[in-house]
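**Q** Each chain, letter by letter, is given below.
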Amino acid sequence: MLGNWVSFRAVPGPLAGMNLNAMSELLARIAQERDAAAFHELYQSYGPRVKAYLVRRGADAATAEDLAQETLLAVWRRAGLFSSAKGSASTWIFSIARNLWIDRLRREVPWQELPAAHAEATSPDPSPDTLLAENEVQIRVRAALAELPAQQQRVLELAYLQGLSHGEIAARLGVPLGTVKSRVRMAYQRMRAAVEDLK
Amino acid sequence: MTITHHLGSETLMSFAAGTLPGALAAVAGAHIALCRHCRDELVWFERIGGALLDDVAPLPLTAGVPALPAPGTPPSSAPAGGNNANPILRLEAQNFALVGWRRIGLGLWHHPLPLPGNGTLQLIKAAPGASVPEHGHGGAELTLILRGALTDATGSYGQGDVADLDQEIEHTPIADRKRGCVCAVANEVPTRFHGLLARLFQPWHGL
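One line per chain: the protein sequences are A and X, in this order.
Heads up, the first sequence stops at 207 in the numbering used here, and the numbers go up one at a time, no gaps.
Heads up, the second sequence stops at 223 in the numbering used here, and the numbers go up one at a time, no gaps.
Chain A with its partners taken away, still in its complex shape:
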């Protein structure tokens, strides 16, 4: 097997990884003022991560770079649709990159376009307070994931980054399908428990 390659940071915190509040401010400037400088900054932060995500999903470097550009251009075009209902900036950008990758794989009708395209679920002018609250949720989620048992982290990485189905994960790890599903459920419950007091 691949051995111990789990890549979560040991000590996550608001200062590790993304500054989500800064990112939502950039998105707001793009949405409201079509601010190219804000876009450049967002691009420098997320472009290399989206590229890395797509390479993990199996894209070659050139395709990953293309789709990373496409993802960020979609962010430029749709910034007005961003709201806390879609999660933090990271969550929203992840969803767009995922959809573009699926479309590329299928080269057909965009079957999974809907969630990112939901105009009615968003307000054109998201309130800064709800975005700050959403960023706090995202930081807690990240911390909760970093504290999961390694077996549960492994399942999430194989699904989200390697793109394996639950059946494929079971085969890869040599465990029953039910075990994979229960690890997913436990990870979900830990994540929800970590934000309980915010609601």
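To be clear, the hints were calculated from the coordinates, so they are not data collected in a lab.
Mixed in with the good hints, there may be bad ones.
[As the list claims (entries may be wrong)] Here are the simulated distance ranges between beta carbons:
id, chain 1, residue 1, chain 2, residue 2, range
1, X, R119, A, Q52, 58 to 68 Å
2, X, H53, A, T138, 17 to 27 Å
3, X, A73, A, V183, 26 to 36 Å
4, X, P85, A, S190, 40 to 50 Å
5, A, P184, X, P85, 45 to 55 Å
6, A, S190, X, T170, 16 to 26 Å
7, X, R118, A, E144, 48 to 58 Å
[Stated by the list, open to error] Some chain X residues near chain A, calculated using beta-carbon distances under 7 Å:
id, residue
8, E26
9, G34
10, T35
11, L69
12, D70
13, A73
14, P74
15, P76
16, L77
17, V81
18, P82
We put the CB at the ideal spot given by N, CA and C, even for glycine.
Model the placement of chain X on the given structure of chain A, informed by the hints.
**A** Relative to the frame of chain A, chain X by itself:
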């Protein structure tokens, strides 16, 4: 529309991760478009993706920042098709006018929807009181009710409800005795029917 049957967390996680087979993703996506509850739940699973994206080791981009549309271009909204970007909901919105139903017999019609990716997808129309013979699944099955209602051992499903069944379940769904039912059914692998009646159904369901 009051939705009472939702997608399971394993299905939502696979949808969020982008690993759900195409047929199942189409049905799940249609339900998510109709269901506020599942939309909110989906975001929880997408937050996991957001956290992983934050923590992935970045790979430098070789090209510069792409050219942007000229200032003053208004931000575009949802792609053409809006809420009906999902092909199943588009057919439903047109009241199935473009659907060429094929008669199977016993009060059942179907319309296969070819699509890329794994799994099979079809619309099924059942006359009032018609039933689908008992069957099991080699993999997951998602059924979204588009018109009327359907009942089986796992419960009663109305418009917008989704039956998210895994491979352990065997069932004999029966359409509403007054209104019948139109539903979209996705299977991870072709369905297995039992008994003699099964032979009748195998040729169409295994598409």
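**Q** Look at each hint and say if it fits the structure.
**A** So, going through the hints one by one against the coordinates:
no., hint, result
1, R119(X) / Q52(A): 58 to 68 Å, "59 Å, holds"
2, H53(X) / T138(A): 17 to 27 Å, "19 Å, holds"
3, A73(X) / V183(A): 26 to 36 Å, "27 Å, holds"
4, P85(X) / S190(A): 40 to 50 Å, "47 Å, holds"
5, P184(A) / P85(X): 45 to 55 Å, "51 Å, holds"
6, S190(A) / T170(X): 16 to 26 Å, "20 Å, holds"
7, R118(X) / E144(A): 48 to 58 Å, "53 Å, holds"
8, E26, "5 Å, holds"
9, G34, "4 Å, holds"
10, T35, "5 Å, holds"
11, L69, "5 Å, holds"
12, D70, "4 Å, holds"
13, A73, "6 Å, holds"
14, P74, "3 Å, holds"
15, P76, "6 Å, holds"
16, L77, "5 Å, holds"
17, V81, "5 Å, holds"
18, P82, "5 Å, holds"
Violated hints are absent here; each numbered hint is respected by the structure.
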